[in-house]
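Please build the complete structure, drawing on both the sequences and the hints.
Here is how the chains run, residue by residue.
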Amino acid sequence: MPQDRIRNFSIIAHIDHGKSTLADRILELTDAVSGREMRAQVLDSMDLERERGITIKAQAVRVDWKGHQLNLIDTPGHVDFTYEVSRSLQACEGAVLVVDAAQGVEAQTVANAYLAIENDLELLPVLNKIDLPQANPDAAAVEVAELIGDDPENVLRISAKTGEGIEDVLDAIIERFAAPVGDPESPARALVFDSAYDQYRGVVAFVRVVDGSFGPRERLRAMAQGTRFEAEEVGFFAPTMTPTQSLEAGEVGYVITGLKDVSRLRVGDTLTAEARPATQPLPGYKDVKPMVFAGLFPTDSDEYPELRDALEKLKLNDAALVYEPETSNALGFGFRCGFLGLLHMEIVRERLEREFDLDLLVTAPNVAYRVVAKAGEEIEVHSPSDMPSEVERVEEPYIKASVIVPKEYVGAVMDLCNDRRARFDHMEYLSEERVVLLYELPLAEIVLDFYDQLKSRTRGYASFDYDLSGFREGELVRVDVLIAGEPVDALSLVIHRDSAYARGRALVARLREEIPRQFFDVPIQAAIGSRVIARETVKAKRKDVLAKCYGGDITRKRKLLEKQKAGKKRMKQVGAVEVPQEAFLAVLNLDEAKR
Amino acid sequence: MSGARHLYVHLPFCAYRCGYCDFVTVVGRRGDHGAYAAALLIELDLERPSLADNVETVFLGGGTPTFLEPEALTGLLEALPAAAELTVEANPETVTQALAGGLRRDGVNRVSLGAQSFQPHLLEVLERRASPDVVRRAFYHLRDAQFDNISLDLIYGIPGQSAADLERDLEAALELEPEHLSMYELEAKPGTRFTHAHGEELARQAEAMEDYLERVVDVLRSADYRWYETANFCLEAGRAGGRDLRSRHNLAYWRGRDYLGLGIGAVSTIGDRRWRNAPRLRPYVEALGAGQSPPRELEPLSPEIRVRERAMLGLRLDQPLALASVDAALDEQALTRLEGLALVERRGNAGRATIALTERGRFVGDAVAAELIA
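Top to bottom, those sequences are chains A and B. In case it helps, our numbering puts the first sequence at residues 1 to 595. In case it helps, our numbering puts the second sequence at residues 1001 to 1374.
To be clear, the hints were calculated from the coordinates, so they are not data collected in a lab. Remember, it's a predicted structure, so these values are computed and weren't measured experimentally. Using N, Cα and C, we set each Cβ at its ideal position, and we do this for glycine too. Treat the hints with caution; some may be incorrect.
Here are the computed distance ranges between Cβ atoms for each label pair [claimed, not checked]:
# : chain 1 : residue 1 : chain 2 : residue 2 : range
1 : B       : R1215     : A       : P523      : 44 to 50 Å
2 : A       : I379      : B       : R1215     : 55 to 61 Å
3 : B       : P1070     : A       : E513      : 39 to 45 Å
4 : A       : P523      : B       : E1127     : 53 to 59 Å
5 : B       : H1196     : A       : E513      : 24 to 30 Å
6 : A       : R517      : B       : D1045     : 50 to 56 Å
7 : A       : P523      : B       : G1028     : 20 to 26 Å
8 : B       : H1196     : A       : Q199      : 53 to 59 Å
In silico lysine-lysine, DSS-like type, Cα no more than 27 Å apart, as pairs [said to hold, decoys possible]:
#  : chain 1 : residue 1 : chain 2 : residue 2
9  : A       : K374      : A       : K400
10 : A       : K313      : B       : K1189
11 : B       : K1189     : A       : K541
12 : A       : K286      : B       : K1189
13 : A       : K565      : A       : K539
14 : A       : K260      : A       : K289
15 : B       : K1189     : A       : K374
16 : A       : K286      : A       : K260
This is the structure we're talking about:
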């Protein structure tokens, strides 16, 4: 296909603004899928994505419209996957920006729009859901136009649900978006914008060919990682996998690599042909590093091998997931896992529990720290218990956060952000009613309950997005928890010095409630180094005996005993103290008032 | 097999139902008393093969056995097998001079009197109708009828009961010089009217009442009572002319012996079987009227379960258990740990070794058992 007849585009939107439904309609209208065969939302292949209404793994579908080849590249819809989104966008010349005509612009609308603009994409603004009674397309059109510097007149109005206006979208894609401008004669180069693992065929790379062409059985090389393989097959999705003899400059498709591990072919890398290799890779490759870490332990310690196998399998499909074995004195054998962000963590945890039927204990998440030890060497710390006690300097990751709220909640958001060490950057009015607040704050401040707090303080009206902005030094200390004198590694936390005292107190108070009384007094302490900053005691139980036990009570009493026994099995042993698993989650949901 | 040497007979009738009670009781229904007593005797006949020739103890519990029509009660007592210990439970307001004399004549040699408390405000919370004076009068009627083995039931941990209230109750009970005392901590069982009304208050005062059992043991010990089972005390043999005043019937439960239970809701344990009669009166009377066993729930008991139960029950006693009789049920590691915490004690060696809870262990006996029994 000549490049001037090709258009590569994405659809970007805030969650639930109708991205997937629009994609479905486009496929339907272009006959890529017949209505009868169509499974709602074909592009979202995993159940989990469907339930959450988000898309984890991008795919690309080729459709025909009025003599043109249109490639719709799906993007993940969440902040944790910003890098993946940006790679998907890099594979496009344009993006359809979908905005709910009733909701207007939201935080992810802004974030995605900026990301698209940074990638030099043409934007096609579209208001969706105009059929809804509460739709206010005129107001929404003004918001969108203001956001991207366009005329409200140019904003299309559609209903993906009823199908109204979809043809206009397709026509506008051809009219307004640029055609690819690669060099078909140059050495082959293709951007890997996503990959997936298939248990029969290995790693499948989703690619956008920029220069030259790719064919089956060619020897290929990923330029950044240096991974070499032979293309077993090349093709495109229409929407099922369709093999072809050649993927040409400007086209989008897939390459079956036969590789057995997604980590050997990272998103953002450039494929080239060994026979006539390119000298320069495409720009923008980044080795994405996980920023949020948590310990994953099987509730039943016998399930450790199952957890290990499950993580191995997940990793095949999720290059961003990292993990290493971790041994906790309280929780036994498990893994310290690194995630791109909170949603990524939640998705991994849910997949482990659902697809692998595991019962997991996930410790409180923490961020990655860069630590310069007293001795001078620099290390990256992924677990509070690994934080050296003597440090020269600690740096923590910061984020740029944008919060969009109706103006009456600005005060509530500011209060919350002030509590979280946030530095106010600026504020803009999106419309008369809605405001975007921009802050810079430590990632650590949002990993626990920021989002929940934000939602509850704004009655659910706030939308929130963030992007990492780098590492910065902080006055951070490690707070350890000791139960009956034993430090409990899984409860250690790294925290800003100013809030250590209050946080430590709240934590031991909470633990005192969670830890059942034992046969002896159990002191619970929070300490910074050897200095105890808070202390509570779980008093020894004095009486635990059922008064009456005669002939008619024996069965009931025995069953009670058996139940107690079973309950004990779920306890974790810290020294001589039995600690219920729930106690390890105490650090997750400390009362906000106690912070 | 020689059969059970211990017989329990359940008499569910009560004049009214106390709020805290979760026993199988039937209020009123005087017209049914005769039919029920007749049904009991048919059940006894049917179960005779599982009863030993020489029955050691018979216990009439309730309900309120003494609420039964006097003729029905006499008829029943006459028909039951003779036993060395024959106990009847009595509610104070039912004990008249005539009743006391009647019981004595019918061969009853031990009476367990449900006093519960001697303080009007606490009796009211418990919804008991007998005043403290009625309790005392009932006691003296029994003494006058020559009963020399009377047990008093007291309840502690009543909503609103202060430590001083408890002392006063114990004092009042001791003034009567009973041979035996059962001290029950009030259990707010889920679903009872009582829990509905007082559950929250009980939860609130739980910590304040934590040492009540300690106080009870202190006071009764210094009055020469032996704390022979978690909730039971008897006058020291030395103070009772050498008599062992422990409840022989209840000791049988705690030693894991077989027992036969007759009547609605009654439980029997014989060999590898336990069964509980259904709690409803009419189906019980009808089935036995037709010469059939009443509706029952059967629970098979493996040897492992019986050993576990023997350990669980035996550890409630102040006498050490032969280790060999229960060690199959014990977690060896837990045993060592609990010994280290001075909650359990092993004595003697090899074949003659025994195991018992220490004094402190007895106060937390359920928690110890939960850890100790594998």
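Has the given pair, K286/A with K260/A, been kept, meaning a C-alpha gap of at most 27 Å?
Status holds; Cα separation ~22 Å.
Given the range 50 to 56 Å, decide if the beta-carbon distance of R517/A to D1045/B lies inside it.
holds (51 Å)
Is the hinted pair K313/A and K1189/B satisfied, with a Cα-Cα distance of at most 27 Å?
violated (49 Å)
So does R1215/B sit 44 to 50 Å from P523/A, Cβ to Cβ?
violated (27 Å)
Holds or violated: 24 to 30 Å for the Cβ distance of H1196/B and E513/A?
holds (26 Å)
Using the beta carbons of I379/A and R1215/B, state whether their distance is inside 55 to 61 Å or not.
Taking Cβ atoms as reference, I379/A and R1215/B lie about 59 Å apart, which means the hint holds.
27 Å limit on alpha-carbon distance, applied to hinted pair K1189/B and K541/A
At roughly 21 Å apart (the allowed maximum being 27 Å), K541/A and K1189/B satisfy the hint.
Is the Cα-Cα distance between K374/A and K400/A 27 Å or less?
violated (30 Å)
Mind checking the hinted window 53 to 59 Å against the Cβ distance between P523/A and E1127/B?
violated (43 Å)
Does 39 to 45 Å hold as the CB distance between P1070/B and E513/A, or does it fail?
Check failed, 56 Å falls outside 39 to 45 Å.
Using the beta carbons of P523/A and G1028/B, state whether their distance is inside 20 to 26 Å or not.
violated (57 Å)
Are K1189/B and K374/A close enough, with their CA atoms no more than 27 Å apart?
violated (61 Å)
Comparing the model with each earlier hint shows violations of hints 1, 3, 4, 7, 9, 10, 12 and 15; every other hint is respected.
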